[in-house]
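Q: All chains, please: the whole structure from these sequences, using the hints.
Chain residues, written in single-letter form:
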Amino acid sequence: MLEVKNIRAAYGPVTALHDISLSVPEGQIVTVLGANGAGKSTTLRVISGLLRPSAGTVLFEGRPIHGKPADWIVRQRICHVPEGRQIFATLTVEANLSLGAYTRRDKPGIKADLQRVFDYFPRLAERRNQVAGTLSGGEQQMLAIGRALMARPRLLLLDEPSLGLAPLVVRDIFKIIRTINEEDRVTILLIEQDAKLALSVASYGYVLETGRVVVNEPAADLARNETVRKSYLGY
Amino acid sequence: METFFDQLAIGASTGALYALLALALVFIFRATDIVNFAQGEMAMFNTYIGWSISRPLSFSWIPFLSIERHINILNWHPEVFGIPLFLGSESDGSTRLGYLLIVIGTVAIAFVMGGLIERLIIRPSEGKNLLNAVIVTLGIFAIVNSIANWRYGPVPQNYPAPFKGNAVDFGLFKLGQHSLFALIVGVAMMFAIYVFFQRTKLGLAVRAAALNPQASELMGINTGQMLTLGWSLAAAIGCLAGMLVAPSVAGISPNLMLGVLLYAFAAAVLGGLDSALGAVVGGLAVGIGQTMVVQYIGSEWSDIVAFGLIIGILMVKPTGIFGSPVVKKV
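Heads up: the sequence lines are chains A and B, in that order.
Terminal number for the first sequence in the working numbering: 235, no gaps in between.
Terminal number for the second sequence in the working numbering: 330, no gaps in between.
To be clear, the hints were calculated from the coordinates, so they are not data collected in a lab.
Treat the hints loosely; a few may be bogus.
[What the hints assert, rightly or not] Below, in silico cross-link-like pairs of lysine to any residue (SDA-like), each with a Cα-Cα straight-line distance of 20 Å or less:
(1) B:Lys201 with A:Trp72
(2) B:Lys201 with A:Ala95
(3) B:Lys201 with A:Arg104
A: Dropping the structure here:
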């Protein structure tokens, strides 16, 4: 579904991605592991159009999408839940969710999807009229994911959904991520610092180091891989 | 006591116009962090465009045009099947339908001009330093003022108004017809602006783009278009304010909006530069305050009180009454 081929990208004079290639087959969860600064978030930023790659191609269903503006890419139903959640802190939960559906015109469909998001995250339903900045970290992450779901994505890019959250909340969120993948048939590209957790839901994984892919294997093999275990799983 | 309520009503009417211009300043500030010093001059120039349209337009320079060669929109009395499309007219022959058409046309031109200024002048000068764009707005201020002086001259010209009759007596107070009209239009515009930003999808998108441009792009919002729209709306609102100000002063002149802009600034700072509610409350407070100062202390004190107020507020509460505390955007 998504093919990233040999992309290079830089922030000004600093090259963040040297040569990244990865592919995400339809219907699967693919994870990208790596230390801070390895280029995981930058890879997502290139895919979602926030950053223009200096070389390489990104194909979505065979069509090139690299270098296209971010708002165009959302219309292809590729949705990015960014690092740090980036919710609209001074707007209400409901306003945040309706902005997620900005590209859509089908009112009944939007209403149904809002209900579905509230089914996934009942806490958001309780706080629908509350200003988003007053939510807890976990609720803000739920809002960020819910907001992306409002665009009815075909490919969901998740950047560190567990960051800074309590273990119980993380478990809930990953349960929902699995449901989104299995029941809603949403393909997911997941970046996660908790490698064990990521490999437990993913079918395939990539390990990045300083802007390059160093290992790529099915998730089950990655979990057994000696170097991966030492560097990222900690046992 | 009668004069007090009269002054209160006049102050509210003036304040509504300050509030409109202050709202225009707030929109642009919220969306771009730029204080648009050219807001008043853009409004003044667009108001002149309205004045030009209201003059008899001559088409005698077009050859072979056998139909009417002079069109006066302001005095237009159209009929449909012999029935006049009548919204009332003034003793000088101007009609309210003609006035309405001129307003619609002028505001539309202002809307387009505001967008063009953002696209062609502001956007290319943005980026490196916020101060650049602010200096650019000061430049537009000076250039537009000079062009108006050169093109139209410094002498104030009569400006059309739809209601010029005697003051309306409300018992407690009397208010001139034009002031009443300005107050009603001002309040209606504020309501329309509120509905646009709070109740429509597009208005929500404009707010989102101002709050967090990157997250907005991830929602599929074209943030560049939202900025242009913000400038267009600000220009249109300013233009409407200008068209209401001109008849209540001596008429239109290149310095029409200088004072209004300063008081609108006072209003915006008083309310908090990033607060729409603050702009409205600030506008009314400044308008009423100014009228009272002129009535009870003396007109020479009007500026001193207004700007003493700005300085005082900036010293005591830099964010204004309704402004949110300054948070550095990352």
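Q: Now, for every hint given, state plainly whether the structure supports it.
A: Here's how the hints hold up against the structure:
no.	hint	verdict
1	B:Lys201 with A:Trp72	18 Å, holds
2	B:Lys201 with A:Ala95	9 Å, holds
3	B:Lys201 with A:Arg104	11 Å, holds
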